[in-house]
Amino acid sequence: MKEIFTMWRHTQLVVLTALSAAIYAAVLIPFKGFPIVPGFIELRPANVFPVVFGLLFGPAGAWGAAIGNLIGDFFGTLSLGSLAGFIGNFFLALLPYKLWSVYFRSDENMEQNVNSGKKLAVYIAVAFLASTVCALIIAWFIALLRLVPFTIGLISIISNNAIMAIVLGPVLLLALYPRVKRWGLLWTEIMEPEEVSAPRLRGIGSVLVWVGGIGGAVAGLILSLTGASPMGAGVGLALIPFLIVIVVGAFMLGGREQVEAAHEMIATEGDESEA
Amino acid sequence: MDPSLYLDRDTFVHRLDPRTKMFLLLGMFVLAFVFTAPLYLLVVLAIVLFFGYLSQSLANLGRIWFILLAIAIVSIILWSIFGSGETPLFLFVEREAFIYGVSIALRLDATIIAGMIFLSTTRNEEVAIGLVRVGIPYRFAFAVSTALRLVPTIVATGLTISQAQRSRGLDLDSGNIIQRIRKHVPLLVPVFVTTVRSTNVFSMALESKGFGAGSGRTFYLHIAMGSRDALVLVVFVLLLAGSIALRVMGYGELEGFTL
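Going down the list, the sequences are from chains A and B. Take the position in the first sequence, starting the count at 1, then add 490; the result is the number in our numbering. Take the position in the second sequence, starting the count at 1, then add 148; the result is the number in our numbering.
Possibly wrong hints are sitting among the right ones.
As the list claims (entries may be wrong) - Cross-link-like lysine to any residue pairs, in silico, SDA-like; alpha carbons within 25 Å at most:
| no. | chain 1 | residue 1 | chain 2 | residue 2 |
| --- | --- | --- | --- | --- |
| 1 | A | K492 | B | F359 |
| 2 | A | K671 | B | V341 |
| 3 | A | K492 | B | S351 |
| 4 | A | K671 | B | E355 |
| 5 | A | K608 | A | I648 |
| 6 | A | K492 | B | L335 |
| 7 | A | K671 | B | L335 |
| 8 | B | K331 | A | L666 |
| 9 | A | K492 | B | V341 |
| 10 | A | K492 | A | E679 |
| 11 | A | K671 | B | T305 |
| 12 | A | K671 | A | S687 |
| 13 | B | K331 | A | S687 |
Stated by the list, open to error - Taking beta-carbon pairs under 10 Å as the criterion, some of the chain B residues facing chain A (in silico):
| no. | residue |
| --- | --- |
| 14 | L153 |
| 15 | L155 |
| 16 | V178 |
| 17 | F181 |
| 18 | V182 |
| 19 | V280 |
| 20 | T305 |
| 21 | L318 |
| 22 | P334 |
| 23 | V339 |
Hint data in this document are derived by calculation from the structure and do not stem from the laboratory. Every residue, glycine too, gets a C-beta built ideally from N, C-alpha and C.
Chain B extracted, bound-state conformation (with noise of 0.2 Å):
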């Protein structure tokens, strides 16, 4: 089982700079924000599809569909029952509440397909070397990339693990969903063991290579802001600084909600 997301293509989209998916990703999180009326959020939903379809990434929709479709039911109930406008549409449910409902899930499944298509673009070594050129600190940055990178291994671990388990006989398929975690809690401590276990080797064999032993570092991987960058960048703040003259001129707004 590989729980990343990252997809080897030679796309566009894979060859822009780390920063520059950061930046946009950042973008996308206030662009899907600025209005509240559903046709304005589907239209920002059909960018990030469209930026998801030229980084030919929209096949990792199909490892998290169920829960775009999850959040999507749950945001209607929930803002159909906690919300309120001014036009009845069935039971006590009013359609400026249902709507509204209709533009969180757009927000929402909008924001998560863009953390989707930058996870599918971009390797941990870029996301790390991505970090430090924006200022984080190269150890923040080291821990995030080694997590990163250790998740499947500990993963396998832990299906090891329980297969092992299995093999001795025990039992862990049966029983409803609270049952079958409490099964599994048992598992966590070898877990957990075997991988903390390897701090003192792991920093060992870090210091022995030089880990912090000098303020300044080099980098095996390369990364350049270039024309493509710019150009990208430039498109994506004309968009979002029209979307923000678009609201203030009072567009994409939803009348009559109230909570």
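With the rest of the complex left out, here is chain A (with noise of 0.2 Å):
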């Protein structure tokens, strides 16, 4: 995951890191008057932008999602909850880069779009796991501290995420995505591919986060309501192996594909508009 280290040499990119916190804060603090849990989750609209940013500027996405939501705790919630919120958001928004190109064959247009089936089944699916992944992350952190139910947290995360990518976060991709190509401002664009991290055996990578993710918010599920530890030590030692299993995923998952393809595919429109 070296690319969310090396992109801040950018200034591209640290410009669209300071403008995608901007932008989600800004749609965040109206509906901060909404609260599901209040104090902790809160009907957000705004949660279509952390997966398309992600999408869009990569490692940049990532680090907006994670200030953006910070910046929107500090306009009434910030609390020690906007910790985990602040790395669930990093994640939200990190996950469907890093797992796009799993996906794809390398002889295959991986372009980071909605514009065919395939793409939009591999949208929907990554934006779900990157929905769950942030909500066991936060609704962990808000159990082990017993500040609100594991299920309660769990679920009104997920729904919240992902209802909001899955239905709206195509329609803004679609609307998006050439618009930003045209500015040359997609993070597989901007960055080399040395700055970013080869995957190593990113099958198993992706299967290590589906598993972190899924079995994660399962098993806390059960403990949670079947009385065993609903909050707490107890749900908080049990679901630390899935943490650990889905940022050892992570790190396998790479990304460097994504950015030799985007700059083959610029060297290709170059030789074609010269011919």
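Make the complex out of the two chains shown on their own, each in a separate frame, by following the hints.
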């Protein structure tokens, strides 16, 4: 995941981080008045943004989503839970771009758009998984602190994230992708291949992220609903292995292949226009 | 509409170093989690409110009262249902579960009010330089402070776009909350496009002014920890240590509550 550090070398990506964060926060703030679990979870139409930011701006989108959520908390709900919100939203935007290329062959078009049935299916799958992982991180943390029962946190965050990202996200991505590409602001065009981590057994990495995300959510629900450990140290310790599996899986996914594909496409387009 | 909570006052809290205020905020988060008994948490809340009074920032409570009230009501209901105790109160609710709900409400409200006081007394520029001085890389701190500064601009852009659409006959006010959200979604596209379109110009402007040209940076705004900061930090550390000692001795714990 070295691109989450090397991206800071690029002024354009620093600016995109700030702008993504500002847009996310600006749409979050007006809905602070519609809480689902007050202090932690509110109705969030803005949750359409992190997945789209992740696909378009890569690591800058991930940092932007994390910072934007923190700034959203600055306007009325800043608390210890904001730390989990920062990490959860980071993963909400990070996983879509890390997972995207896993589902395409190297000779296939892997542009981060939803202009085909397969790409739409991949978008829905990665948006759902990223929403689940984000919910798992936040619900785990606030249950560990004994603030909100795990079940309530998990279900409300997953539904909030996934519905907004899956229903509204494709429309937004379809409208924005061509413009962002035309302006040369796609992360795959700004970063150099050597600045992005290469995949290592990305198929297994993908399986680990799915197992960690869905497995952790199911295990937490079982512990919580059966009354074995609805919150506190019990559910806190039980879910740590799943969270580790998600992080290990994310490290294995890479992202360099998307950057190389984008650079090849730019070179081909350049040759064609010269010819 | 200005979503910023900062209040321009000349109080001793405003004059504290931003790093001191960051440490106080983190410490207050810890302090709120030391006790589970509502009387002790009421004292913690009183300390937070006293600090808010000193900083003349309690006026901002008017902007977040709805969230604080909603937190209190939902926490009490949630914990009365999910928690259990030994003494029946009414129907299936036990007294200890109800009291735990009150404790959680006090804890959350205290931390949120502490966050509000921090933002009411600290300018964006101070947040940014404070982050740099505690070791956060400058580019990250720059992104945070730029985003903070741009939020009101983007909110204003959104309002301008919605007013332009209303003047063309778009009805954004009728229907239930879901229907109204759906009507607002198409407005997100121009907000996004208008903002992101400026990226290249913004980047060139930054680089033309030497952004990232050298490793060492100088700052227009200077901050320094003084004796006032040291005094406040010492008093707060003593308060925190005393609270932890009380908790270790068995005070401030809610007895009889189970999950």
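For each hint, the structure was consulted:
no. : hint            : in the structure
1   : K492/A - F359/B : holds, 22 Å
2   : K671/A - V341/B : holds, 12 Å
3   : K492/A - S351/B : holds, 22 Å
4   : K671/A - E355/B : holds, 22 Å
5   : K608/A - I648/A : holds, 23 Å
6   : K492/A - L335/B : violated, 35 Å
7   : K671/A - L335/B : holds, 21 Å
8   : K331/B - L666/A : holds, 18 Å
9   : K492/A - V341/B : violated, 29 Å
10  : K492/A - E679/A : holds, 17 Å
11  : K671/A - T305/B : holds, 23 Å
12  : K671/A - S687/A : holds, 22 Å
13  : K331/B - S687/A : violated, 41 Å
14  : L153            : holds, 7 Å
15  : L155            : violated, 14 Å
16  : V178            : holds, 9 Å
17  : F181            : holds, 7 Å
18  : V182            : violated, 12 Å
19  : V280            : violated, 14 Å
20  : T305            : holds, 8 Å
21  : L318            : violated, 17 Å
22  : P334            : holds, 9 Å
23  : V339            : holds, 7 Å
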